[in-house]
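The chain contents come next:
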Amino acid sequence: MARVHLRYYALLREQAGRQAETVETAAQTPEALYAELATRHGFRLAQSQLKVAVNASFTDWTCALADGDEVVFIPPVAGG
Amino acid sequence: MNAFEFTHEPLEPAALSAALADPAAGGFAAFEGRVRNQNDGRVVSRLEYEAFEELAQGEGERIVAEALRRHGALRARCVHRLGALAVGEIAVWVGVVAAHRAEAFSACRQIINEIKHRLPIWKKEYFADGDSGWVNCTHCAEAARVPDFDYSRQLVLPEIGTAGQQRLAQSTVIVIGAGGLGCAVLSGLAGAGIGTIVIVDDDVVDPANLHRQPLYTPDDVGRQKAGAAAARLAAYNPTIRLRPMPVRLTAANAKEIVVLGDVVVDCSDNFATKFLVNDAAVLSGRPAVLASVYQYEGQLQVVRADARGSCLRCQWPEATRDGLVGNCTESGVLPPVPAVLGSLQAMEVLKLLLDLPGQLRDEVLLVDLLELGQRRLSAPRARECNDRCARIRSVDAAAPTPELEIALPLAEAAAQGYRIIDIRNPEECAQSPLALGGHESIPLPRLLDAASTLDPRLRYLLVCAHGIRSRAAAEQLRAGGSGNVWSLQGGLARQG
Numbered sequence: 001m002a003r004v005h006l007r008y009y010a011l012l013r014e015q016a017g018r019q020a021e022t023v024e025t026a027a028q029t030p031e032a033l034y035a036e037l038a039t040r041h042g043f044r045l046a047q048s049q050l051k052v053a054v055n056a057s058f059t060d061w062t063c064a065l066a067d068g069d070e071v072v073f074i075p076p077v078a079g080g
Numbered sequence: 001m002n003a004f005e006f007t008h009e010p011l012e013p014a015a016l017s018a019a020l021a022d023p024a025a026g027g028f029a030a031f032e033g034r035v036r037n038q039n040d041g042r043v044v045s046r047l048e049y050e051a052f053e054e055l056a057q058g059e060g061e062r063i064v065a066e067a068l069r070r071h072g073a074l075r076a077r078c079v080h081r082l083g084a085l086a087v088g089e090i091a092v093w094v095g096v097v098a099a100h101r102a103e104a105f106s107a108c109r110q111i112i113n114e115i116k117h118r119l120p121i122w123k124k125e126y127f128a129d130g131d132s133g134w135v136n137c138t139h140c141a142e143a144a145r146v147p148d149f150d151y152s153r154q155l156v157l158p159e160i161g162t163a164g165q166q167r168l169a170q171s172t173v174i175v176i177g178a179g180g181l182g183c184a185v186l187s188g189l190a191g192a193g194i195g196t197i198v199i200v201d202d203d204v205v206d207p208a209n210l211h212r213q214p215l216y217t218p219d220d221v222g223r224q225k226a227g228a229a230a231a232r233l234a235a236y237n238p239t240i241r242l243r244p245m246p247v248r249l250t251a252a253n254a255k256e257i258v259v260l261g262d263v264v265v266d267c268s269d270n271f272a273t274k275f276l277v278n279d280a281a282v283l284s285g286r287p288a289v290l291a292s293v294y295q296y297e298g299q300l301q302v303v304r305a306d307a308r309g310s311c312l313r314c315q316w317p318e319a320t321r322d323g324l325v326g327n328c329t330e331s332g333v334l335p336p337v338p339a340v341l342g343s344l345q346a347m348e349v350l351k352l353l354l355d356l357p358g359q360l361r362d363e364v365l366l367v368d369l370l371e372l373g374q375r376r377l378s379a380p381r382a383r384e385c386n387d388r389c390a391r392i393r394s395v396d397a398a399a400p401t402p403e404l405e406i407a408l409p410l411a412e413a414a415a416q417g418y419r420i421i422d423i424r425n426p427e428e429c430a431q432s433p434l435a436l437g438g439h440e441s442i443p444l445p446r447l448l449d450a451a452s453t454l455d456p457r458l459r460y461l462l463v464c465a466h467g468i469r470s471r472a473a474a475e476q477l478r479a480g481g482s483g484n485v486w487s488l489q490g491g492l493a494r495q496g
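Residue numbers (this note's numbering), protein chains in the order written: chain E, 1 to 80; chain H, 1 to 496.
Source of the hints: derived by calculation from the structure; they are not laboratory data.
Keep in mind it's a predicted model, so treat the numbers as computed, not measured.
Every residue gets a Cβ at the ideal spot worked out from N, C-alpha and C, and that includes glycine.
Please note that the accuracy of each hint is not assured.
Unchecked claim - Restricting the straight-line Cα-Cα distance to at most 20 Å, the calculated cross-link-like pairs of lysine to any residue (SDA-like) are:
(1) Lys-51/E - Arg-391/H
(2) Lys-124/H - Asn-39/H
(3) Lys-351/H - Val-156/H
(4) Lys-51/E - Glu-318/H
Unchecked claim - Chain H residues, not near chain E, derived (Cβ > 10 Å throughout):
(5) Ala-51
(6) Leu-85
(7) Ile-240
(8) Ile-406
Stated by the list, open to error - Computed from the model, here is a short list of chain H residues facing chain E with C-beta under 10 Å:
(9) Val-44
(10) Leu-181
(11) Thr-273
(12) Cys-314
(13) Trp-316
(14) Thr-320
(15) Asp-322
(16) Pro-338
(17) Leu-370
(18) Arg-375
(19) Ala-379
(20) Pro-445
(21) Asp-449
Given the sequences, and given the hints that come with them, work out the whole structure.
Pasting the structure below:
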């Protein structure tokens, strides 16, 4: 189990009902973590519509998560 | 008929305004300066005007021509009385005709201010107590002479100086979208003295824009944003050139427009345009400064494909569809949010043009104005893009699928056999119910979840407020294999 810190933006913040949280997860990758959180919080955006950053760098969905990582799922925004 | 004249005869406004009749003029503004019965607390009984006519004639005509040029008015005339005038008589008359009232008002105001300031005209006041005295009219000018636009407060910055200021004056910046972000970007760049600013926006000012778009006033509602913003900024800083382009950025014109500038700034409110700006900038080798806002948050990215930097497609290879996440219309926005992000965009443009340190590059800045947090996320160039971007071949990729949308009155669409599905959320439906009958109401998220329940033998027409969400939903459903789904173009807003 890894402890990861999460931050939510825009639509995900609304759907999660929070800006940040820390979770214990068995997920090994951001992909698995998003699937887990999507079920828990009812996220409607498909993973393909999002980007993920781990420790302040955009990364791919299959990188290995480590204990203490900060994970940010970034939805696209278009308002002007 | 001269544009400026002196006369010893009483002025007749009806005849003067009739002479300015012009079928192209939608606005006529006139100013009459009249003899007052008092000055400085003393009762005035009559006046006498005298002028250095040889000099004043040419200068008066120059004043009228300058005002026409500066405000884009059609024609103007100014006539000044000389000799003895009684209280209540008209001393000077100015009339201007223009396509719209704004140009007519502003040109008229400029002419009278300049006449009072620049022309060698004197008046002698005769007071009721028998005293009299000459007054040079320049002393009673309503407005002081317009001072030059003064850049001294930025010239003193050691990184700028006259060389930097000159570089800004020689630069051209293209701003795509003159909305919430655009107003902040445009004000910042116009104030800094960018030599030429091109404003691209095909939209008109809506009353709902005003709270976050301070370049417009309620009088501008219905006017094209590009023109209104250019007029406002030209009045703000007369030393720069503004070029309004009231067109929509499309795959057909994006590259042509982007190459007009040294930098392009994306202030649009939709993904199709953002990707178009990104793609055109990458293909044309121009830097692009992109921003978006969502409620209390924003994202900022500087695309330096001209310097082997990353672009939008490094992170988002596929253009995001509009409608999946909300825009300002649907999700709401507070004025300072686009103002902050737009100011950051203007700052990045200046940093780029002036070669200042700390430029955002290969990064995305996330700003959260509720918790006052910001994050710089590293966003490197995609691996496959070595020397050249491997992901963008042409700007056509961002164009929407044309046959996806249908522009028909809803009743007619229903008569043609389309099953109408209202995909708005329950609050929207309650607020403005669809007066059609026979339609279904399935909010967008539920529809996407229940795509498999659509009957493949029927044709469905999705309907929302502005046709953005319905188009995205139709695209997504088609991508999922439902070929029998269409979107109502322009949504209910266009149904009239």
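Now for the hints, and whether the structure bears them out:
1. Taking the CA atoms of Lys-51/E and Arg-391/H, the gap is near 17 Å; set against the 20 Å cutoff, the hint holds.
2. At roughly 12 Å between alpha-carbon atoms, Lys-124/H and Asn-39/H fall within 20 Å of each other, so this suggested pair holds.
3. For the hint pairing Lys-351/H with Val-156/H, the CA-to-CA distance comes to about 16 Å; that is within 20 Å, so the pair holds.
4. For the hint linking Lys-51/E to Glu-318/H, the alpha-carbon distance of about 12 Å falls within 20 Å, and the restraint holds.
5. Distance to chain E confirms Ala-51/H as a non-interface residue, since its nearest Cβ pair spans about 54 Å, more than 10 Å.
6. Distance to chain E confirms Leu-85/H as a non-interface residue, since its nearest Cβ pair spans about 56 Å, more than 10 Å.
7. Listed as outside the interface, Ile-240/H is consistent with that label: its C-beta sits roughly 23 Å from the nearest C-beta of chain E, beyond the 10 Å cut-off.
8. Look at Ile-406/H: its CB is around 24 Å from the nearest CB on chain E, clear of 10 Å, so calling it non-interface holds up.
9. Checking Val-44/H against chain E by beta carbon gives a least distance of about 57 Å; that is not within 10 Å, so the hint is violated.
10. Nearest Cβ of chain E to the Cβ of Leu-181/H: about 5 Å, under the 10 Å cut. The hint holds.
11. With a cut of 10 Å, the hint placing Thr-273/H at the interface with chain E holds, because the nearest CB-to-CB distance is about 9 Å.
12. The interface hint given for Cys-314/H is met, as the beta carbon of that residue sits about 8 Å from the closest beta carbon of chain E, less than 10 Å.
13. Nearest Cβ of chain E to the Cβ of Trp-316/H: about 7 Å, under the 10 Å cut. The hint holds.
14. For Thr-320/H, the interface hint holds, since its Cβ comes within 10 Å of a Cβ in chain E; the closest pair sits about 4 Å apart.
15. With its C-beta approaching chain E no nearer than about 7 Å, Asp-322/H sits inside the 10 Å limit, and its interface hint holds.
16. Restraint check, Pro-338/H versus chain E: the minimum CB separation of about 7 Å is within 10 Å; hint holds.
17. Below 10 Å, beta-carbon pairs count as interface contacts, and Leu-370/H has one with chain E at about 8 Å; its hint therefore holds.
18. Interface hint at Arg-375/H: satisfied, since its Cβ lies 6 Å from the closest Cβ of chain E, which is below the 10 Å cut-off.
19. About 5 Å separates the beta-carbon of Ala-379/H from the nearest beta-carbon of chain E, less than 10 Å, and the hint is met.
20. Because the closest C-beta pair between Pro-445/H and chain E is about 5 Å apart, less than 10 Å, the hint holds.
21. For Asp-449/H, the suggested interface contact is upheld, since its CB lies about 9 Å from the closest CB of chain E, less than 10 Å.
In the structure shown, a violation is registered for the earlier hint numbered 9 alone.
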